[in-house]
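*Asks:* Sequence:
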Amino acid sequence: TTRRYWKTYAGASPIFSDTMSTIQRLKKAGFRLGMVSDSDGTPGMKMKRIRRQPFRKFLETIVVAGEDTRNVKPSRRPFTLVAEQLGLQPRNCVYIGDNPNTDIQGAKGVGMMTIIVKRRGPKGGHPDYLARSLSDVARLLIR
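Here the sequence shown is numbered in this note's numbering, starting from 236 and rising by one per residue.
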């Protein structure tokens, strides 16, 4: 079943080696952090997976698009909702994503600055900045 698949996958979802150090650097530099992620299709499962991650404690808010909002990315609502929950205007936010078709299109659509971390996946989306890793993101944002 789908639930069994996600339950198994949730325990085996490794993060990239530079995830924690980058998040810690951004927090130390004063950035407020939130997350927008699409639903897995099984209500509650995506949030359960995120809660198991060590970076969870650094996030002020998490929006699961398709659960917290009616539509998934690139719909504009998940992006405006995360900004609202942080008490920020979208134009004062930087969205870091890895999918140009969903992340970049949606975030740019509400006026966020965008950075794509290009490890793999489709091209396009016209991000404001291109990074090869999360460490590159920290170097771009912290000066």
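Hints listed in this document are in silico derivations from the structure and should not be mistaken for laboratory results. A portion of the hints provided could be inaccurate.
[Unchecked claim] 20 Å max Cα-Cα, derived DMTMM-like pairs, lysine to aspartate or glutamate: (1) K262 to E295; (2) K263 to D371; (3) K263 to D253; (4) K292 to D363; (5) K283 to E295; (6) K262 to D273; (7) K283 to D303; (8) K263 to D303; (9) K283 to D371; (10) K353 to D363; (11) K353 to D333; (12) K353 to D273.
*Asks:* None of the hints should be skipped; say for each whether it holds.
*Replies:* Hint by hint, here is what the structure shows:
Straight-line distance between C-alpha atoms of K262 and E295 comes to about 11 Å, which keeps the hinted pair within the 20 Å bound. Restraint check for K263 and D371: the C-alpha separation of about 16 Å stays at or below 20 Å, so the hint holds. Taken as a hint, the K263 and D253 pair is honoured in the structure, with Cα atoms around 15 Å apart against an allowance of 20 Å. Proposed proximity of K292 and D363 is contradicted: the alpha carbons are some 28 Å apart, above 20 Å.
For the suggested pair K283 and E295, the alpha carbons sit about 16 Å apart, so the restraint of at most 20 Å is met. As the CA atoms of K262 and D273 are separated by approximately 24 Å, the hinted pair breaks the 20 Å bound. At most 20 Å may separate the alpha-carbon atoms for a hinted pair to count; K283 and D303 meet this at roughly 14 Å. Pair hint K263 plus D303 does not hold up; C-alpha atoms about 28 Å apart against a cutoff of 20 Å.
In summary, the hint linking K283 to D371 is not supported, as the alpha carbons are separated by about 28 Å, beyond the 20 Å threshold. With a C-alpha separation of about 13 Å, the suggested pair K353 and D363 falls inside the 20 Å cut-off, and the hint holds. Proximity of K353 to D333 is assessed by CA-CA distance (about 6 Å); at most 20 Å being required, the pair is judged to hold. Distance restraint check for K353 and D273: the Cα-Cα separation of roughly 19 Å lies within the 20 Å cut-off, and the hinted pair is therefore satisfied.
Checked against the numbered hints given earlier, this structure breaks hints 4, 6, 8 and 9; the rest are met.
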